[in-house]
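Number of protein chains: 2
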Amino acid sequence: AQDTKAPHGYTYGTKEIAKSPFTLDDLQLLEQSMLFNDEDVKYLRMSHDILAGQTDQILDVWYGFVGSTPQLVYFFGNKSTGKPDGEYLAKVRARFKMWILQTAEAKYDQDWLNYQYEIGLRHYSAKKNKTDQANSVPIINYRYIPALTIPVVTTLKPFLAKTGASSADVEKMSNAWLKSVLLQSILWGQPYMKKGEF
Amino acid sequence: AQDTKAPHGYTYGTKEIAKSPFTLDDLQLLEQSMLFNDEDVKYLRMSHDILAGQTDQILDVWYGFVGSTPQLVYFFGNKSTGKPDGEYLAKVRARFKMWILQTAEAKYDQDWLNYQYEIGLRHYSAKKNKTDQANSVPIINYRYIPALTIPVVTTLKPFLAKTGASSADVEKMSNAWLKSVLLQSILWGQPYMKKGEF
Ligand code: HEM
Ligand code: HEM
Chain S
14 AQDTKAPHGY TYGTKEIAKS PFTLDDLQLL EQSMLFNDED VKYLRMSHDI LAGQTDQILD
74 VWYGFVGSTP QLVYFFGNKS TGKPDGEYLA KVRARFKMWI LQTAEAKYDQ DWLNYQYEIG
134 LRHYSAKKNK TDQANSVPII NYRYIPALTI PVVTTLKPFL AKTGASSADV EKMSNAWLKS
194 VLLQSILWGQ PYMKKGEF
Chain L
14 AQDTKAPHGY TYGTKEIAKS PFTLDDLQLL EQSMLFNDED VKYLRMSHDI LAGQTDQILD
74 VWYGFVGSTP QLVYFFGNKS TGKPDGEYLA KVRARFKMWI LQTAEAKYDQ DWLNYQYEIG
134 LRHYSAKKNK TDQANSVPII NYRYIPALTI PVVTTLKPFL AKTGASSADV EKMSNAWLKS
194 VLLQSILWGQ PYMKKGEF
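Top line first, the protein sequences correspond to chains S and L.
Taking the working numbering, the leading residue of the first sequence gets 14, the next gets one more, and so forth.
Taking the working numbering, the leading residue of the second sequence gets 14, the next gets one more, and so forth.
Here chain S stands alone, though its shape is the one from the complex (with noise of 0.2 angstroms):
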């Protein structure tokens, strides 16, 4: 998506990624169940260019509400120490950072959703804190992930009204956001579950 190096560990769209088991056939079905369409996709990609240069701002705000909420910064702590892993903070940040421009980017396809996969094995058990070796607690409890599209929702929308769109806009832009955000939370609950119950 960028021109800019890819931060550490940023393997979209390289062969490390492995092909998702949930195919895009079966994605279309899921979008349709939560009403997710083209108007969210042309709403999501008006939402890039008003995003892109407030990226900073925006991860200020969600890394202050994860790191003043402490069963979430929990998921970020040293496992000996429990103190939060700074490092492994910044490295994280970096990653989510492209992941606000991709997500407004939308473009869903097989390369999107294999990083989706990749994104719920790194929450997982199965490769979490590998890409950045960090020595922090093994797995993030599912229940936090599709809780946090609230707070990541909700705190956007103040900066997607920033740069003048109207208030139409905004709340459609919003509303985009939320359905997109709720979606990728549960793609990324897939390796929590067994195959035919997720």
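No wet-lab data here; the hints were simulated from the structure.
Worth double-checking, as some hints may not be accurate.
Said to hold, decoys possible - List of simulated lysine to aspartate or glutamate pairs, EDC-like, C-alpha gap at most 20 angstroms:
no.: 1; chain 1: L; residue 1: K92; chain 2: S; residue 2: E210
no.: 2; chain 1: S; residue 1: K170; chain 2: L; residue 2: D122
no.: 3; chain 1: L; residue 1: K170; chain 2: S; residue 2: E184
Said to hold, decoys possible - Some but not every residue of chain L turned toward chain S, in silico, with C-beta under 7 angstroms:
no.: 4; residue: Y157
no.: 5; residue: I163
no.: 6; residue: Y205
no.: 7; residue: M206
Positions of the beta carbon are idealized from the N, C-alpha and C atoms, including for glycine.
Fit chain L with the ligands to the known structure of chain S by using the hints.
Leaving out everything else, chain L with the ligands in the frame of chain S:
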């Protein structure tokens, strides 16, 4: 919640319901993580009397959506014929109506939490079909459960507006419903996951 006779299989608050392995303390931490607070409780309760007279129309819309979405109505299908099981649909609908009122009552105490666990089990292989002795498919794939939050909340909004509440109040009630439905759909995931992973 109601004076009227409880529908078949609606065992909320009875001794038939096991204690939720997820505690009220766990619940509080999860609520915090999704910014679910006293304001939301207030606006859910405000919605109670607005919705109480409209549950049938609401259910018509929700059932209309599920009925016209093949990948969803599948889960109400007869295992042998694949056809939607009308009796099963009708029996669940009567409990669904109670659920609308209970969600709006927003008394999220131990009884409520226990019944959340029960609802999870009824979507999962552990208890699906048992309550209504339905001859349907054995499990609802989890991914569709949080996904359905979106159509449920989107289609509820006009009903919140129908009895003259201000648009600011409608907005806040709708937002509280979003958080509550997402919270519940997350809780229902517990049976699908291992203890330390949920
Ligand atoms: C809507 C919910 C969430 C979003 C949008 C989100 C987003 C992301 C993104 C984009 C990454 C980097 C992926 C990559 O490696 O390219 C990431 C990694 C991570 N997230 Fe989340 N996340 C969510 C929920 C959570 C929750 C609830 C926690 C718990 C505090 C959490 C903790 C982490 C951690 C520890 C990593 C690093 C994983 C690793 O070791 O590679 N995330 N998240
Ligand atoms: C936000 C999402 C959802 C909500 C609010 C919801 C709500 C409910 C409620 C209140 C009940 C009755 C619980 C009781 O027995 O008292 C129920 C049962 C049921 N739901 Fe859901 N549901 C959701 C997602 C889904 C999805 C995605 C499907 C798939 C079509 C589904 C299919 C069913 C079925 C088949 C039953 C009957 C289960 C049994 O055999 O007892 N639900 N649901």
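These are the hints, each one checked on the structure:
1. Using a Cα cut-off of 20 angstroms, the hinted pair K92(L) and E210(S) holds, with the two alpha carbons roughly 17 angstroms apart.
2. For a cut-off of 20 angstroms, the pair hint linking K170(S) to D122(L) is broken: about 32 angstroms separates their Cα positions.
3. Restraint check for K170(L) and E184(S): satisfied, since their Cα atoms lie roughly 14 angstroms apart, inside the 20 angstroms limit.
4. The beta carbon of Y157(L) is positioned within 7 angstroms of a beta carbon in chain S (closest approach about 6 angstroms), and the interface hint is therefore held.
5. Hint status for I163(L) relative to chain S: holds, with the closest Cβ pair at about 4 angstroms, below 7 angstroms.
6. Restraint check, Y205(L) versus chain S: the minimum CB separation of about 5 angstroms is within 7 angstroms; hint holds.
7. With 7 angstroms as the threshold, the beta carbon of M206(L) comes within range of chain S, its nearest partner Cβ sitting at about 5 angstroms, so the hint holds.
Hint 2 alone, counting from the list given before, is not met by this structure.
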